[in-house]
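Number of protein chains: 2
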Amino acid sequence: MRTTVLLAVGLCLSSTAWATTVKEPIQPIAPAEVSDPAKVELGKQLFFDPRLSRSGFISCNSCHNLSMGGSDNLPTSIGDRWQEGPINSPTVLNSSLNLAQFWDGRAADLKEQAAGPIANPKEMAFTHILATDVLRSIPQYRESFKAVYKTDEITLDAVTDAIAEFEKTLVTPNSRFDLWLKGDAKAISAVELEGYQLFKSIGCVACHNGPAVGGNSFQKMGLVEPYQTKNPAEGVAGLTGKDVDRFRFKVPTLRNVELTYPYFHDGAYWTLEESVDVMARLQLGRKLSDDDIGKITAFLKTLTGEQPNFQIPILPPSTNNTPRPVPFE
Amino acid sequence: MRTTVLLAVGLCLSSTAWATTVKEPIQPIAPAEVSDPAKVELGKQLFFDPRLSRSGFISCNSCHNLSMGGSDNLPTSIGDRWQEGPINSPTVLNSSLNLAQFWDGRAADLKEQAAGPIANPKEMAFTHILATDVLRSIPQYRESFKAVYKTDEITLDAVTDAIAEFEKTLVTPNSRFDLWLKGDAKAISAVELEGYQLFKSIGCVACHNGPAVGGNSFQKMGLVEPYQTKNPAEGVAGLTGKDVDRFRFKVPTLRNVELTYPYFHDGAYWTLEESVDVMARLQLGRKLSDDDIGKITAFLKTLTGEQPNFQIPILPPSTNNTPRPVPFE
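Those sequence lines, one after another, are chains A and B. Residue numbering for the first sequence follows the working numbering, starting at 10 and increasing by one per position. Residue numbering for the second sequence follows the working numbering, starting at 10 and increasing by one per position.
Wrong hints could be hidden among the right ones.
The list cannot tell twin chains apart, which means a pair is met if one copy fits it or any two copies do.
Unchecked claim - Here are the simulated lysine to aspartate or glutamate pairs, DMTMM-like style, with alpha carbons at most 25 Å apart:
| # | residue 1 | residue 2 |
| --- | --- | --- |
| 1 | Lys-155 | Glu-267 |
| 2 | Lys-131 | Glu-338 |
| 3 | Lys-310 | Glu-152 |
| 4 | Lys-239 | Glu-338 |
| 5 | Lys-310 | Asp-142 |
| 6 | Lys-120 | Asp-142 |
| 7 | Lys-239 | Glu-282 |
| 8 | Lys-209 | Asp-193 |
| 9 | Lys-131 | Glu-93 |
| 10 | Lys-120 | Glu-50 |
| 11 | Lys-239 | Asp-286 |
It should be emphasised that the hints constitute simulated quantities derived from the structure, not laboratory data.
Please build the complete structure, drawing on both the sequences and the hints.
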């Protein structure tokens, strides 16, 4: 017992010295810099406004719930008329750090992404024209858009720009691991540190690196061994039609991964332990011991950062001229 | 033009003097007094937690959306598997002032009410046992319940008690009308004041009175003329089986009525103007002029008070032992 404690202390001490001299493959997340608070506030209202959906029931926050790690914690999402979504909703937290948006990267950035679900018949099932008609009918929205964009028009471009600006504030700095990266040796435990060392030594960092611990490359799911799933998603091949792109997906961020269960593009795995096991086998060709899986899982839980911290938005009311939602028929 | 302005000023002056001497049938809303902040915080988390539903998608806030006047702004609500709810979701704002809960008053108080939707197969479609099983599986919830209720058990009684305690904080004081009631003659305009005088003189206050401007009696919908609706709700008769109770409903609060469209138990009317017209004809046997309807509507909009003002709750994550949601099959 005493030996273990001494060993742990030894690891902490040596790692501190080492953290200041060796460049780590993971960098701390920087806090959001808000240059236009009015735009962010407008984007926040839009993010929470279910009137951007046909039913008047589904908002961005329905599937990217900011109370729940920016995800819906479901294997695939529930859309208009309870349709089953095709793929797991990725977290919106830290999504500004992704090299592209959606699992297959088909949107270049958050602004382009935001337009997708509004008009997707399986998600919010609206049209961009009707969505902007709704906003245009509401004086408080007209004022907000005019204050931010200096024009009387409310365009889809402005709508998605404001949503993206809000989403850029949804970074989660100061996780315990970030504190450790910045030199606080006590911020993580000896076991968590061992987990991080394993995470590096067995090769997880090859894809999960950078400030978002992922999100910066596309990789084939099932590199060494094929991934078994009933989900028909083809990954990047769905866009390029190329066989080499089959099952190539954007590597998800591991930031806040403790909160963003279930895992993988099909949401088939609910526990981090199973997910670590699957990743190690399929991507790295390694069968990890339960002990090692436990350590890596402990490390992954140190990546939970400061969650969104703002007042709930109060949405401006509809008017007599606002197009009505169509929840049923 | 000058005459109108002078008249308006005259009305304001006289009304101030009068407000301090005459007892009004409507009283200001008192701000919430929070005696147990930890219980309120726990209740807020539960109110926003979709894991209290079978699907993991629907929370109390789905149909009593605190960004939208504590309602869903739909004629009737969307429940589990997109089932159509039987009746319009009443606002949760100021609901602690109601003499009973639900349109037919079948729950005595907020605590009793809170248990209903969780287990209603058309709403959250869960069971009380499963809901408490979910909470029990989450260490942070266990800690919060223990801190508030001083026991290791998590019971439905404690769950609904905490939700009710949070809901009691959802009062909306300091509407412009309340400021006027408290003596600020400039808080409402001359037209709004005329609307209030009409609201009293034609008899609306007979039912819509007290701090909540309603919520304190049951009345027959369609007293003078029958109310035409396809909605099968029978009101209190659904509980008593008595013919005299047919179409007797709890009088809804008019606080924040600008935000809680569409109106009536069937949510059939989207505008305040139509609703005022219907009420005057069916309940009071009066056909109002468009001018009078406009004035009463202007008055009703002065009843919008301070909306909920708190940080979005961050929900504690599920664990490997948490029962999984069943969004589809």
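Unmet hints by their number, sorted upward, for this structure:
none
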